[in-house]
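Enquirer: Given two chains presented individually in distinct reference frames, assemble the corresponding complex, making use of the accompanying hints.
Protein sequences, first through last, are from chains E and Z. In short: position in the first sequence from 1, add 27, done, that's the numbering used here. In short: position in the second sequence from 1, add 105, done, that's the numbering used here.
Hints in this document: simulated from the structure, not taken from any laboratory. Be aware that one or more of the hints could be misleading.
Quick list of in silico lysine-lysine cross-link-like pairs, DSSO-like style, CA-CA up to 30 Å [said to hold, decoys possible]:
id	chain 1	residue 1	chain 2	residue 2
1	E	LYS85	Z	LYS146
2	Z	LYS146	E	LYS32
3	Z	LYS160	E	LYS69
4	Z	LYS171	E	LYS132
5	Z	LYS160	E	LYS132
6	Z	LYS119	Z	LYS160
7	Z	LYS171	E	LYS69
8	E	LYS69	Z	LYS119
9	E	LYS132	Z	LYS146
10	E	LYS84	E	LYS69
11	Z	LYS146	E	LYS42
12	E	LYS98	Z	LYS146
13	E	LYS132	Z	LYS125
14	Z	LYS169	E	LYS132
15	E	LYS32	Z	LYS169
16	Z	LYS125	E	LYS69
17	Z	LYS146	E	LYS135
18	Z	LYS146	E	LYS69
19	Z	LYS169	E	LYS69
20	E	LYS84	Z	LYS146
21	E	LYS84	E	LYS95
Just so we're clear, the structure is a prediction, and the values are computed from it rather than from any experiment.
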Amino acid sequence: QQQVKQSPQSLIVQKGGISIINCAYENTAFDYFPWYQQFPGKGPALLIAIRPDVSEKKEGRFTISFNKSAKQFSLHIMDSQPGDSATYFCAASREGGSEKLVFGKGTKLTVNP
Amino acid sequence: GAVVSQHPSWVICKSGTSVKIECRSLDFQATTMFWYRQFPKQSLMLMATSNEGSKATYEQGVEKDKFLINHASLTLSTLTVTSAHPEDSSFYICSASLDRAHNSNQPQHFGDGTRLSIL
Numbered sequence: 028q029q030q031v032k033q034s035p036q037s038l039i040v041q042k043g044g045i046s047i048i049n050c051a052y053e054n055t056a057f058d059y060f061p062w063y064q065q066f067p068g069k070g071p072a073l074l075i076a077i078r079p080d081v082s083e084k085k086e087g088r089f090t091i092s093f094n095k096s097a098k099q100f101s102l103h104i105m106d107s108q109p110g111d112s113a114t115y116f117c118a119a120s121r122e123g124g125s126e127k128l129v130f131g132k133g134t135k136l137t138v139n140p
Numbered sequence: 106g107a108v109v110s111q112h113p114s115w116v117i118c119k120s121g122t123s124v125k126i127e128c129r130s131l132d133f134q135a136t137t138m139f140w141y142r143q144f145p146k147q148s149l150m151l152m153a154t155s156n157e158g159s160k161a162t163y164e165q166g167v168e169k170d171k172f173l174i175n176h177a178s179l180t181l182s183t184l185t186v187t188s189a190h191p192e193d194s195s196f197y198i199c200s201a202s203l204d205r206a207h208n209s210n211q212p213q214h215f216g217d218g219t220r221l222s223i224l
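Bound conformation, chain Z alone (with noise of 0.2 Å):
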């Protein structure tokens, strides 16, 4: 149990496209959603917290008009990428934890994570 999905696993695009990445809880309700970045041979960086129908609290430093994230469904998060530049190139990381409302204490479960290519 507690499976999260990300697509894609990998997307190479050109400088100046907007790139969208999906987060999904196979086998659970999610309602708090965290998107992570992390550059070769670096720990995970937080970049925002994905809160079902709310507002993403996004971390100091992080765009939030750069970085937009939805959080639209219990199952579902998406991060999108815009106009996005060689420098964005890293690995994005989601991660989701059983819904808090019904069941505290629960860790959080991670994706396996998407590499984006920026050229």
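Next up, chain E with everything else stripped away, as it sits in the complex (with noise of 0.2 Å):
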């Protein structure tokens, strides 16, 4: 059975913290994991992905950490901001993400001011 876990199931954090979100997963022909950002009511906004051939990928705040060797990978969002506030899906996928995605359960969550 082909599955990503993720965690935590929710997190709440303060203005200008670090949300961490984690992820691993089982089948080593993954070779694409992306995260995804939805707002309730609307569908999911590709945030950020990373490929097995890096380890790390910075854009903006977002950040992806990937420990191939582990089968995990984390999102790290820096100075969160309450506009952070949403559910983050990790996934993965084959042939780059042109496969369908397995995702993991999400996490929600909440920035305070």
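Expert: Set out below in structure tokens:
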């Protein structure tokens, strides 16, 4: 069974703090690991993605760390803002994202002012 | 770029009726589109993979006669929920990626979803 395990289920941080969400996968055939941000009533929006040939990718305040040997990857949100409050999903797929995505169960992030 | 549009965004209908949801890639061609279902406070569950010009591939446990998928062009896929019942009420979301035949390793872009409520 292809699975992506995500933790924590919910996360509360103060404005300016660092939010960290972790994911682990089982299928070594996965070669594409995106993070999606979803606001209530909206579809998921691609936030940042990484491929296994790099260990870290940074885009603005968002960083993905990738550990291929441990089959784990994480999302770090630096200087968290109230506007970052949303549900975050990690996912994994083969063939660079063109194949079907396997999603984690999601993390509800709340950033307090 | 890479905008995916879904229509309608919200639909309420009586039990027993059929409902059609459209998914369009506005500024790119998509040979493959995906249909997901999401219950409140849960993750996205893949229902089927829609391939242009061929039959859709359904995930285990998804009734193909209940959820009809048509992908007649490179920019449009439709999901029809036939004889809808209250348990079909959910948030349906589609995604699309650029034409894989000419652009490998392309991410999926999601529509804003359709909230279906069956009375």
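Enquirer: Please go over all the hints and tell whether each is borne out by the structure.
Expert: These are the hints, each one checked on the structure:
As the CA atoms of E:LYS85 and Z:LYS146 are separated by approximately 28 Å, the hinted pair is consistent with the 30 Å bound. With a C-alpha separation of about 16 Å, the suggested pairing of Z:LYS146 with E:LYS32 holds against the 30 Å cut-off. Restraint check for Z:LYS160 and E:LYS69: the C-alpha separation of about 28 Å stays at or below 30 Å, so the hint holds. For the proposed pair Z:LYS171 and E:LYS132, the alpha carbon gap of about 26 Å is at most 30 Å, so the pair holds.
Distance check on the hinted pair: Z:LYS160 and E:LYS132 sit about 29 Å apart at the alpha-carbon level, within 30 Å; holds. Between the alpha carbons of Z:LYS119 and Z:LYS160 the distance comes to roughly 29 Å, so the proposed pair stays at or under 30 Å and holds. The suggested pairing of Z:LYS171 with E:LYS69 holds, with an alpha-carbon distance near 25 Å, which does not exceed 30 Å. Annotation: proposed proximity of E:LYS69 to Z:LYS119 holds, straight-line Cα distance about 24 Å (limit 30 Å).
At most 30 Å may separate the alpha-carbon atoms for a hinted pair to count; E:LYS132 and Z:LYS146 meet this at roughly 9 Å. For the suggested pair E:LYS84 and E:LYS69, the alpha carbons sit about 26 Å apart, so the restraint of at most 30 Å is met. A threshold of 30 Å between alpha carbons decides the hint, and for Z:LYS146 with E:LYS42 the separation of about 24 Å falls inside it, so the pair holds. Restraint check for E:LYS98 and Z:LYS146: satisfied, since their Cα atoms lie roughly 26 Å apart, inside the 30 Å limit.
Taking the CA atoms of E:LYS132 and Z:LYS125, the gap is about 27 Å. The hint holds against a cut of 30 Å. Restraint check for Z:LYS169 and E:LYS132: the C-alpha separation of about 25 Å stays at or below 30 Å, so the hint holds. Straight-line distance between C-alpha atoms of E:LYS32 and Z:LYS169 comes to about 28 Å, which keeps the hinted pair within the 30 Å bound. Between Z:LYS125 and E:LYS69 the CA atoms are separated by roughly 19 Å; this keeps the pair inside 30 Å, and the hint holds.
Our distance criterion of 30 Å between C-alpha atoms is met by Z:LYS146 and E:LYS135, whose separation comes to about 9 Å. As the CA atoms of Z:LYS146 and E:LYS69 are separated by approximately 13 Å, the hinted pair is consistent with the 30 Å bound. Restraint check for Z:LYS169 and E:LYS69: the C-alpha separation of about 26 Å stays at or below 30 Å, so the hint holds. Proximity of E:LYS84 to Z:LYS146 is assessed by CA-CA distance (about 28 Å); at most 30 Å being required, the pair is judged to hold.
For the proposed pair E:LYS84 and E:LYS95, the alpha carbon gap of about 14 Å is at most 30 Å, so the pair holds.
The structure fails none of the hints (numbered hints given earlier).
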